[in-house]
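There are 2 protein chains.
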Amino acid sequence: MDNGPPRGTRDLLPDSVARREAVMAELAGSYARFGFRRIETPCIEDLSRLSWGEGGDNEKLIYKILRRGLDPVVAAGIALGDLVDLGLRYDLTVPLTRFYANNAGKLPLPFRAMQIGPVWRAERPQRGRFRQFTQCDIDTVGEPSVLAEAELLEATLTALGAIGIEGVTVRVNDRRLLAALAAEVGVSESALRAFYVILDKLDKIGWNGVRDELVEQGHSGAVGGRCEQIVSLISGAGSPDGAIARAADLLPGMAESVLTELRETFDALSRVGAAAPPGALTACLDTTVVRGMGYYTGQIFELAHPDAPSAIAGGGRYDDLVGRSLGKKVPACGISIGFDRVVEMARFAPPDLGVALLHSAEVPRWEVLEMARRVRLEGDSATLVSRRGQLKVQLATLQSAGYSSFVVVEPGGVSERRPLRG
Amino acid sequence: MDNGPPRGTRDLLPDSVARREAVMAELAGSYARFGFRRIETPCIEDLSRLSWGEGGDNEKLIYKILRRGLDPVVAAGIALGDLVDLGLRYDLTVPLTRFYANNAGKLPLPFRAMQIGPVWRAERPQRGRFRQFTQCDIDTVGEPSVLAEAELLEATLTALGAIGIEGVTVRVNDRRLLAALAAEVGVSESALRAFYVILDKLDKIGWNGVRDELVEQGHSGAVGGRCEQIVSLISGAGSPDGAIARAADLLPGMAESVLTELRETFDALSRVGAAAPPGALTACLDTTVVRGMGYYTGQIFELAHPDAPSAIAGGGRYDDLVGRSLGKKVPACGISIGFDRVVEMARFAPPDLGVALLHSAEVPRWEVLEMARRVRLEGDSATLVSRRGQLKVQLATLQSAGYSSFVVVEPGGVSERRPLRG
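Protein sequences, first through last, are from chains A and B. Taking my numbering, the leading residue of the first sequence gets -3, the next gets one more, and so forth. Taking my numbering, the leading residue of the second sequence gets -3, the next gets one more, and so forth.
Worth double-checking, as some hints may not be accurate.
One copy or two, it doesn't matter: identical chains are merged, so the pair holds either way.
Calculated lysine to aspartate or glutamate pairs in the DMTMM-like style (CA-CA distance at most 25 Å, straight line) [stated by the list, open to error]:
(1) Lys56 / Asp42
(2) Lys324 / Asp7
(3) Lys56 / Glu212
(4) Lys324 / Asp(-2)
(5) Lys102 / Asp336
(6) Lys56 / Glu119
(7) Lys56 / Asp81
(8) Lys102 / Asp(-2)
(9) Lys56 / Asp78
(10) Lys200 / Glu55
(11) Lys197 / Asp208
If you are wondering where the hints come from, they were derived from the structure by calculation, not from laboratory data.
Same shape as in the complex, but just chain A (with noise of 0.2 Å):
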C-alpha cells in the first residue's frame, strides 16, 4: 500500500517542522519590528477570483474543487467549469486585495499586512519544487510612494539576516520601464502581456530563444535584437544611478517619475547596505526582470543570492489590483519570501528536548507520570522513554536525538538527572 502523500507534496518530520517553525518566528518577529501585522484568508477562494486573468500562468494551476450537492452522475454536455464554484489559493496576494476590500473599515492606512501560510499550483512535480509550498508575504496597502517598496525591501532584507541569510543581490526593475523597452523597441500595447511572457524566459532559453520566440509571435527580426542591445547597454553601465542614467537616454518615453522613483530605492537600499555587515547587500538595475504576475503596475524586485538556483524573494507594486475589488484605486506593494527555499539555507540551531525519563515496564505507571510532573514543574521537557536494549546504546540514541540529559526510573527509585552532552 502507497502511504506516500499526494504526488508532489511532502511530509514533514519533527527535526523539518522545529526548524521550519524557528525560522518562521524569526521572519515574523523581524517583520513586525517595521509595524507588519499577521492576517489569514482561507485557503480556498471563489475560483471566479482565482481565474480574473492576474494570475499568470499560475491560473493555469489551479486545484478546483466540485460543488457541494451534484447528482452522482454528470449530465450529457455539461461543462467541466460548472461542476466547480472554489479553488486553493496559488498565492497570496489575490487573497490579500480580496481581505482588504472586504475589511478596509477596519483597518489603519497605510496597512501593512504580514501573511505566512501555505499555497498551491499544481505543477509539474520537480526536485526541490513542491506543489503544496509555503509563501511568506509582506504588503503595504494605501501607501502610494517608493517609502513603501524602500521599508519592504529593508524589513525583508533584515529578516532575512535575522536568519544568517547575507550577501543578497536585490535585482530591481519597473513595470513602466518594461513597458517603455516594448514600445521602443516596437512591440505594441496588445502584445505586451505576451512580450512579458518571453522576456521572463530569458534566463532558461537566452537571447537566442527570446528572440526566435518573438518571431514567432509575429514580430519583425530586429525586435529581439533591439531589445537585447538596449538591455546590455543598461546592464553594463556598473552602477544604479548609470544603469538609470542609461534607460533615461535609451528609453525616452520613461516618464521622469519612473526615474525619480528608482533613484530613491536605490538610494533607500544603499543606505541599508551601510548600516548593514560589508557585502550583506548588492543592488542592481535589472531590466530583465519580469515577475509572473500580471497585475504589476510599478517596481518589481527579486532577491537573488549564490546558494540558490532562483529567486529567494520577490515582488512589486500592483496599485490597480485592489481597486478590482474595492471599486475604489487603493495603491498597494508587496514582496513574497519563497519560505520552502530560505529555510533551508538559514542559520538554525535545533531544539534542546529537555529530559529523558527512561522507565522500566515494572515501574508502577502512575510513579512515571508522577516523576515526569516533577521534573516539568521545575521547567524543564520530560518526556517518558521505555527503557530497552543496551543502556550504553539507547542513550547515544537519546543524544542524537537532542535529549540534553536523562534519569532513569526503576523499581527501587529514580537516578539522579545526568547529563547527555558533553
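Since the structure of chain A is provided, determine the placement of chain B on it from the hints.
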C-alpha cells in the same frame, strides 16, 4: 461586488491572529514539555483514503478536488467520482496514520506527535462553526497501555491550564463498554455502528428521540428503554469508581481489562486533579459519550467546560487505524482540541506594538526610515504613521490600537519618545 470569503469561512484580522498565535504558542510549548513534537502533512489527501469509512459523517462533508488535465466538456454518463482524486482533510488523525505508516522507520517508539492546522468540512454554516477550522492534536503511536491515555489527558489539561482554562470536566467512556452495552440490550454486532450514531445524538434528541430512532431501525421497543435504564444506573453511581463497579455488574459481557484500564485512567486523572488548583478538574464515567469517528477501539473522552456549548476537546484510542496503512498493527491514541473554540476562552494579553513614528509629508523619506532604523536597533518595534488631523485624536487612536509610545518626526527634527499609556 461581494468581497467576503467563501461561504462558511472567515477572514482573521490582526488582533484575532495575534490572539490565535499567542494561544497556539502556549499550547505548543506546553505540549512540547511532554515530549510531543510537531509534524506536518499536506492539507490534501487521496480521496480513497479520506473515504475509507472510518471518518463517520465527516466523509459526507469532504471538499473534493477535480483531477487535473480533464477535457473541458464531460462525456455523458460519467460518474462524478471519476472526476475527482484528492480531497481536503476533515481531521488530522487520518493523515497522521498515513504519516506514521510512511515514516515509521525514522520515528521513535512510542512516537508523540503534535499537529496544529486547518481542516475542512462542508457543513451547513451555522453560528460559531466554520467550514475551515483549526485543530490542535496530540497523538501517541505505539503505546499499548493506558499510560498513553493518562499522559494525553494530563498534557491537554496542562495545556488548557496554561491558557487559563480551568474547571474542565473530563467525560470518559470506552468503545468496548459501549459494545457490551449494545450486546446487553440486544443490538447485534452488524447494527453496532448505526446504534452508535443514534446514541451520539442523545444530547440533541433526548431519550425519547433515541428510542424512536432505534425502533425505526428495526429494534424492539424494549432496546431503548433498557439502554436508558443501564446508562442512568451507571451515571447515578456518583463517583467514577462506583460507576465502574455498576458497569461491571450490569454489563457482565465486558472484559475485566476494560474495567482495570478505566480505573487506571481515573486514578491518573485524580492525581492530576490533586496537583492542580481546587475545582480545576472533574472526571466522570459517561456511558453516553460516543465520538463520531468510526475508528475508535478503546477509551474515548470528551472535555467539557461550562463556558462552551459543546466539547472543547475529544479523542480516544484507535488501535486498528495505523495497521490499515502499515499492514502491521500499531496501537495509537489521540486527543484533539477544538482550537477555534478555546482561543475565545483563553487568557490573553494583547501585544505591545511599540513605537508609532509620526511623520509629516515634508520630512525626507530617508530621514524617516533612518529614524525608524535607530528605534529598532534599540530592540523596539517602530511603525511609520503619517501625521494626520488633530494630534490628540491621532494619539488616542494609536493608543487604542496597541502602541505604547510615539515620536513625531518633523522637518526641524525629532521629538523625544513619549508614552501613550498611563
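Hint check results:
Taking CA atoms no more than 25 Å apart as the test, Lys56 paired with Asp42 passes in both settings, with 15 Å inside one copy and 21 Å between copies. With identical chains, the CA atoms of Lys324 and Asp7 are at most 25 Å apart between copies only, with a shortest distance of 21 Å across copies and 43 Å within one. For the homomeric pair Lys56 and Glu212, the shortest alpha-carbon distance inside one copy (22 Å) is at most 25 Å, but the shortest distance between copies (50 Å) is not. With identical chains, the CA atoms of Lys324 and Asp(-2) are at most 25 Å apart between copies only, with a shortest distance of 14 Å across copies and 51 Å within one.
In the homo-oligomer, the alpha carbons of Lys102 and Asp336 lie at most 25 Å apart only across protomers (21 Å), although the nearest pairing inside one protomer, at 32 Å, exceeds that limit. In this assembly of identical chains, the alpha carbons of Lys56 and Glu119 lie at most 25 Å apart only when taken from the same copy (9 Å versus 29 Å across copies). When the C-alpha separation of Lys56 and Asp81 is checked against a cutoff of 25 Å, the pair qualifies both within a copy, at 15 Å, and between copies, at 18 Å. Taking identical chains as interchangeable, the C-alpha atoms of Lys102 and Asp(-2) lie at most 25 Å apart only when they sit on different chains, with a minimum of 17 Å there against 48 Å within one chain.
Both within a single protomer and between protomers do Lys56 and Asp78 lie at most 25 Å apart by alpha-carbon distance, with minima of 17 Å and 21 Å respectively. Only within a single protomer do Lys200 and Glu55 lie at most 25 Å apart by alpha-carbon distance; the minimum there is 21 Å, versus 45 Å between protomers. Taking the closest pair of Cα atoms, Lys197 and Asp208 come within 25 Å of each other only inside a single copy of the chain (12 Å); across copies the shortest separation is 68 Å, beyond that limit.
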